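**Student:** Letter by letter, the chains look like this.
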Amino acid sequence: MLANLHPDLFLALPEIFLALAAMALLMVGVYQKEEARGGILLAAVLAIVVTLLLVPYRMGDGATAFGGLYISDGFSAFLKILVLLGTALTLVMAHAYNEREGFARFEYPILILFAAVGMLMMLSANDLLSLYMGLELQSLSLYVVASIRRDSLRATEAGLKYFVLGALASGMLLYGASMIYGFTGTTNFDSLAAQLIDMNGSPPPIGIVVGIVFLLAGLAFKVSAVPFHMWTPDVYEGAPTPVTAFLSVAPKIAAIGLLLRVLMGPFEALIVQWQQIIIVVSIASMVLGALAAINQTNIKRLMAYSAIGHIGYAFVGLAAGSEAGIRGVLVYMAIYLFMNVGTFCCILCMRRKGRMTEEIADLAGIGKTNPVIALAMAIFMFSMAGIPPLAGFFGKLYVFLAAIDAELYALAIIGVLTSVVGAYYYLRIVRVMYFEEAEDGLDRAVGREVLFILGSTAAVTLLFFAYPGPLLDVAAVAASALFAG
Amino acid sequence: MHDWPLLSLIIFLPLVGVGFILLIRGEGETQNRNIRNVALWTSLATFVLSTLLWTNFDSSTAAFQFEEKLPWISAFDIYYHLGVDGISVFFVLLSTLLTPICVLASWEAIQKHVREYMIAFLVLETFMVGMFCALDFILFYVFFEGVLIPMFLIIGIWGGPRRIYAAFKFFLYTLAGSVLMLLAILTIFFYADTFDIPTLMTTRLPLEMQYWLWLAFMASFAVKVPMWPVHTWLPDAHVEAPTAGSVILAGVLLKMGAYGFLRFSIPLLPEASVYFTPLIYSLSIIAIIYTSLVALAQTDMKKLIAYSSVAHMGFVTIGIFAGNTQSVEGAIVVMLSHGFVSAALFLCVGVVYDRIHSREISDYGGLVHRMPLYAFVFMVFMMASVGLPGTSGFVGEFLVLLGVFQANTWVAFLAATGIILGAAYMLWMYRRVIFGELTKDTLKRILDLSPREILVFAPLILLVFWMGIYPEPFLDVLHESVGQLVERYELARIASENLALAGH
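Just so you know, the protein sequences line up as chains A and B, in that order. For what it's worth, numbering that gives the first Met the number 0 labels the leading residue of the first sequence as 0, then goes sequentially. For what it's worth, numbering that gives the first Met the number 0 labels the leading residue of the second sequence as 0, then goes sequentially.
Just chain A, with the same shape it has in the complex (with noise of 0.2 Å):
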């Protein structure tokens, strides 16, 4: 038995790593006095870290364990690298924040680390229910961490809203799954990529599409896209900074790794039905996510409808469904951790006379007063707008490259125009900083580590161009282990 088992638990080292780390240190949380709450806080980095270590240490050839409900594979590590980035540098950002808002419990990064593993679990499930169980210890995480500011009435709205979409979309899900489970008899993505391929092009049995929407339907939820946006901006705007900077990427870049790992491994034999859905759902997005942004007054608002529109940007590579495609979509989602935790970077700089401040406007004039967080906070800016040579540009490039080749011309077209669009808003927050003159400016005391966080981000965004061969090269190795299979 242990010794059956025991190739399984190696397999999944990772993830039980992390578990094992956010569990001792709740203990400690526990017993501890409120002093040590940092110390918990840098624990949870370093646990991150370690499992950082781990993911490409252990990262198995497409080997599966627990019978067949867990896959290690290329793919699974490269956006597991990803996401565990992305919550160790929201982690540290989030440290002088909540010590100063005063809302510096110890269960923060406990919870993150749940979350975390939930992700980590997402991106190597290869079974409906495995699937679940990870999207779903990753939800409750999120769900709790969005109203960690208990007292503040827009934090608990936030985190209630989410909770309640949330809820609806998992039941989606869990639907879309028993229908699946139903008419094949198998939750396993092998089994049911084997029987739907033996059905050799003929048409599939309805239950299986629909299916296959009400799936779509949840997880496109969980990452925010038109039309299952709703709860975005309000939740983005209500949550704690920190929070949103860390709910923006790693929850985001999981989901569209399950998203691309559900779409093109059992289902890749009905891309005909399932491809239409993701072309709609990538249009609305974009298109909404353009238009919408343009009158935002709140920052994190804004940041809300662009993490909209750059999702209908990422679907357009997978609405191609090829391998370049899926290629594409992981250089995207990679170029976007780094653009977004340093937008949220800039936006945590954002402080007036000691106060946070979320208003767009209150960033006037601040080239002259606060350079460097304005010189960072232009470069992201230009980049997520697509304009060469910052690494934006090629994230794009990449996912229109897939979409031209598989002949999907309207998307291409209505996805440029789009980014247009987008560039509009973009420039406006350049405008403001720039064009506009100084009032009093920012606070000067910025914290080391956002500043840290600030500047390397920066320079990964601006120096993509110089060397973008190695996370083209590692993509590639991810996309093709998912076409392995």
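In case anyone wonders, no lab produced these hints; they're calculated from the structure. Quantities reported herein were computed from a predicted structural model and do not represent experimental measurements. A virtual CB, placed ideally from N, CA and C, is assigned to each residue, including glycine. Please note that a few of the clues may not be correct.
Unchecked claim - To be clear about the criterion: a stretch of chain A counts as covered by chain B if any three or more of its residues have a C-beta under 8 Å from a C-beta of chain B, and this derived list gives those stretches:
| no. | segment |
| --- | --- |
| 1 | 421-429 |
| 2 | 468-479 |
To be verified - Residues from chain A that keep clear of chain B, each with C-beta distances beyond 12 Å, as calculated:
| no. | residue |
| --- | --- |
| 3 | M26 |
| 4 | E98 |
| 5 | E106 |
| 6 | D150 |
| 7 | E156 |
| 8 | D197 |
| 9 | V209 |
| 10 | P226 |
| 11 | Q295 |
| 12 | R326 |
| 13 | M355 |
| 14 | F393 |
| 15 | K395 |
| 16 | R443 |
Take the given structure of chain A and dock chain B to it, following the hints.
**Tutor:** What follows is chain B alone, placed relative to chain A:
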């Protein structure tokens, strides 16, 4: 000498200057002076380096020279591939010549954010030169679009009262056109399996594909040129931009669109170019006549010159698509000549704007009494813009008309009316600004050109006469490359005529 990566040096030397400027520390005016000096010397060094391109240029071949090729993004066969031929070499020189002039022209006019200003111009130079040298489509696109960022900031930060509107209009118009070109580039990639421009020039793309691709390229280049009716961003951008911004805009950025037609539309899509020539003719004729009439009605000097730019670029597009040796060479000469003449005209406006802070024609009059030297300089460039024989403007316009006359007499006739109108609005503006009685109180104590300003204008005046009186050195370099271009274009024209005959 040929072992040196000369083009890379020219492209990235300005960035070295940026590095130095970032390091400069100091107090107020000393710091600003150091920054200006570094920017000036960097851009001068770049210019000197770029003249080596011309002296070492082998004008007996149409092939690309000074080539460099390194793998960049191997996953998609994207290369860092540079090279110049007879068509592009002068645009590199034009960019490197105008940058130090811009730095010098902004010496006193720019007092706030000097560091950022000089960095923006040097980065802009890198992108401009890179764009003219790029021989890989993605590399080209990166430089082509990258230009938007520094130019957006230059207009937006150091511009006039409506600068925000102008900066956004400039950015979004250009971006909207360019993204469609990007899709066209990607489509070509999947057909020909390469981004390499020299290879693509010898690839024949299927006819039905060419039409769509041509329109996508047109969307980008027409905005840049700019052609009527998408020219409206230009007057706004010119009026609001600081003097040096207008100089680069008129001198180099407008050429990027026409360069695109020459480099991509005609060699890559010759059949579609033949097919759409009437469209280009019509839009250009409208541009020439309509914008000349609009220029007549302007009260703002910069706006007047901006509209005259649109008209001159109309000549360029006609010349390019008329497609014989004279017209294409003429078009390139018009582009070069317009590059430094319109740049100089904007500098002329800048000179008086720095003194009086007005660009309204009605605020001036009788300047010749106080500023004889200025009146002379202004006159030289005004005459060059009108196309007086002996100036560079004449050579280009004459060659274009000569070539176009062979291709289509009516187009030549209508384009020639533009020259007459051009003379009308330029001379009229000159009269109102320079001649007459000096009655305005604000002008009573205006000073003539300073030594620094003379230094700015001197090389440009020299060029106007050199190119006007002895254009052979310029045309020599062009011959082979243009010859090859025209030959291919001619073949396509014969092919499509045969096709049309077969259709009947």
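**Student:** So, for every hint listed, does it hold in this structure?
**Tutor:** We went through each hint and held it up to the structure:
1. Using a Cβ-Cβ cut-off of 8 Å, 4 residues of the segment 421-429 of chain A lie near chain B, which meets the minimum of three, so the contact claim holds.
2. Look at the segment 468-479 of chain A against chain B: 4 of its residues bring a Cβ nearer than 8 Å to a Cβ of that chain, three or more, so the hint holds.
3. Here A:M26 stays apart from chain B, with its beta-carbon at least about 47 Å from theirs, past the 12 Å limit.
4. Listed as a non-interface residue, A:E98 keeps its Cβ farther than 12 Å from every Cβ of chain B; the least gap is roughly 33 Å.
5. The non-interface label for A:E106 is consistent with chain B: the shortest C-beta to C-beta separation is roughly 43 Å, beyond 12 Å.
6. Every C-beta of chain B lies more than 12 Å from that of A:D150, the closest at about 41 Å, which supports listing it as non-interface.
7. Every beta carbon of chain B lies more than 12 Å from that of A:E156, the smallest distance being close to 35 Å; the non-interface claim holds.
8. At roughly 32 Å from the closest C-beta of chain B, the C-beta of A:D197 stays outside 12 Å, upholding its exclusion from the interface.
9. Annotated as non-interface, A:V209 keeps its C-beta farther than 12 Å from every C-beta of chain B; the closest such distance is 35 Å.
10. Consistency note on A:P226: stated as away from chain B, and its beta-carbon is indeed over 12 Å from all of that chain's, at 26 Å minimum.
11. With a least beta-carbon separation of about 17 Å from chain B, A:Q295 lies farther than 12 Å from that chain, consistent with its non-interface assignment.
12. Residue-level check failed: A:R326 sits 8 Å from the nearest beta carbon of chain B, not beyond 12 Å.
13. With 12 Å as the threshold on Cβ separation, the claim that A:M355 sits away from chain B holds: the shortest Cβ distance comes to roughly 27 Å.
14. At roughly 8 Å, the least C-beta separation between A:F393 and chain B is not larger than 12 Å, which violates its mark as non-interface.
15. Separation of A:K395 from chain B is inadequate, the least Cβ-Cβ distance of about 9 Å not exceeding the 12 Å criterion.
16. For A:R443, the condition that its CB be more than 12 Å from all CB atoms of chain B holds, with the nearest at approximately 18 Å.
Checked against the numbered hints above, the structure breaks hints 12, 14 and 15 and satisfies the rest.
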